[in-house]
Amino acid sequence: MEFNVIQITKINRDDFKFEDTTNLTLPVPPLTSAAHFLNGKVDTLKICSTIYLNSKDSKTPVVGSLSEDGETFEIYFDYDWDDESPETYDVWYVEIDYTSKTVKNITEVISYLKNLNSTTHVGGGLGDDPKISRGTKTSAAD
159 MEFNVIQITK INRDDFKFED TTNLTLPVPP LTSAAHFLNG KVDTLKICST
209 IYLNSKDSKT PVVGSLSEDG ETFEIYFDYD WDDESPETYD VWYVEIDYTS
259 KTVKNITEVI SYLKNLNSTT HVGGGLGDDP KISRGTKTSA AD
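Here the numbering used here = 1-based position in the sequence shown + 158.
FYI, nobody ran anything at the bench for these hints, they're computed from the structure.
Just so you know, these numbers come straight off a predicted model, no measurement behind them.
Note that CB positions come from ideal geometry on N, CA and C, so glycine has one too.
Treat the hints with care, as some may be off.
Claimed, not checked - Pairwise CB distance ranges (calculated):
no.: 1; residue 1: 243; residue 2: 163; range: 27 to 33 Å
no.: 2; residue 1: 259; residue 2: 174; range: 20 to 26 Å
no.: 3; residue 1: 163; residue 2: 263; range: 21 to 27 Å
no.: 4; residue 1: 255; residue 2: 170; range: 30 to 36 Å
no.: 5; residue 1: 175; residue 2: 251; range: 17 to 23 Å
As the list claims (entries may be wrong) - Pairs of lysine-lysine residues, derived as PhoX-like cross-links and limited to a Cα-Cα distance of at most 20 Å, are as follows:
no.: 6; residue 1: 217; residue 2: 168
no.: 7; residue 1: 175; residue 2: 214
no.: 8; residue 1: 262; residue 2: 295
no.: 9; residue 1: 175; residue 2: 204
no.: 10; residue 1: 168; residue 2: 214
no.: 11; residue 1: 199; residue 2: 295
no.: 12; residue 1: 204; residue 2: 262
no.: 13; residue 1: 175; residue 2: 295
no.: 14; residue 1: 204; residue 2: 168
no.: 15; residue 1: 259; residue 2: 204
no.: 16; residue 1: 259; residue 2: 199
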């Protein structure tokens with residue numbers, strides 16, 4: 159298993175604000191896409207995520223743990239957020255290339271924004287996901 163962070167880039171100049179927060183869950187889960195491609199002759203999964211972090215205390219997100227289990231790949235973006243709802247956000251773009259002997263079997267990617275220091279339970283993600291993170295599931299396109 160090998161991964162390469164291609165880029166982590168803040169993509170907004172001015173603070174971003176959601177106009178309608180009625181159905182917004184906090185923290186805002188990453189928006190992720192995934193696609194298989196050949197990098198030279200190596201099967202590779204490209205994962206692209208958009209991450210929304212509190213602009214008042216925005217630090218570069220960190221690619222935390224990665225795991226592959228059969229057809230499912232999970233990625234955690236580690237970040238320390240406060241327990242209050244932010245008014246404005248910084249938007250980060252994260253791009254990762256992932257390879258393994260079984261990468262071609264991956265059909266879904268689940269990405270999480272994981273709170274490193276809070277004990278506030280936000281409802282959790284999928285399965286045994288810790289209750290201090292939010293996650294989204296996407297399919298891995300060919």
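Hint check results:
{"no.": "1", "hint": "243 - 163: 27 to 33 Å", "in the structure": "29 Å, holds"}
{"no.": "2", "hint": "259 - 174: 20 to 26 Å", "in the structure": "39 Å, violated"}
{"no.": "3", "hint": "163 - 263: 21 to 27 Å", "in the structure": "23 Å, holds"}
{"no.": "4", "hint": "255 - 170: 30 to 36 Å", "in the structure": "24 Å, violated"}
{"no.": "5", "hint": "175 - 251: 17 to 23 Å", "in the structure": "18 Å, holds"}
{"no.": "6", "hint": "217 - 168", "in the structure": "10 Å, holds"}
{"no.": "7", "hint": "175 - 214", "in the structure": "12 Å, holds"}
{"no.": "8", "hint": "262 - 295", "in the structure": "18 Å, holds"}
{"no.": "9", "hint": "175 - 204", "in the structure": "28 Å, violated"}
{"no.": "10", "hint": "168 - 214", "in the structure": "14 Å, holds"}
{"no.": "11", "hint": "199 - 295", "in the structure": "28 Å, violated"}
{"no.": "12", "hint": "204 - 262", "in the structure": "12 Å, holds"}
{"no.": "13", "hint": "175 - 295", "in the structure": "24 Å, violated"}
{"no.": "14", "hint": "204 - 168", "in the structure": "19 Å, holds"}
{"no.": "15", "hint": "259 - 204", "in the structure": "15 Å, holds"}
{"no.": "16", "hint": "259 - 199", "in the structure": "13 Å, holds"}
Hints 2, 4, 9, 11 and 13 from the earlier list are contradicted by this structure; the remaining hints agree with it.
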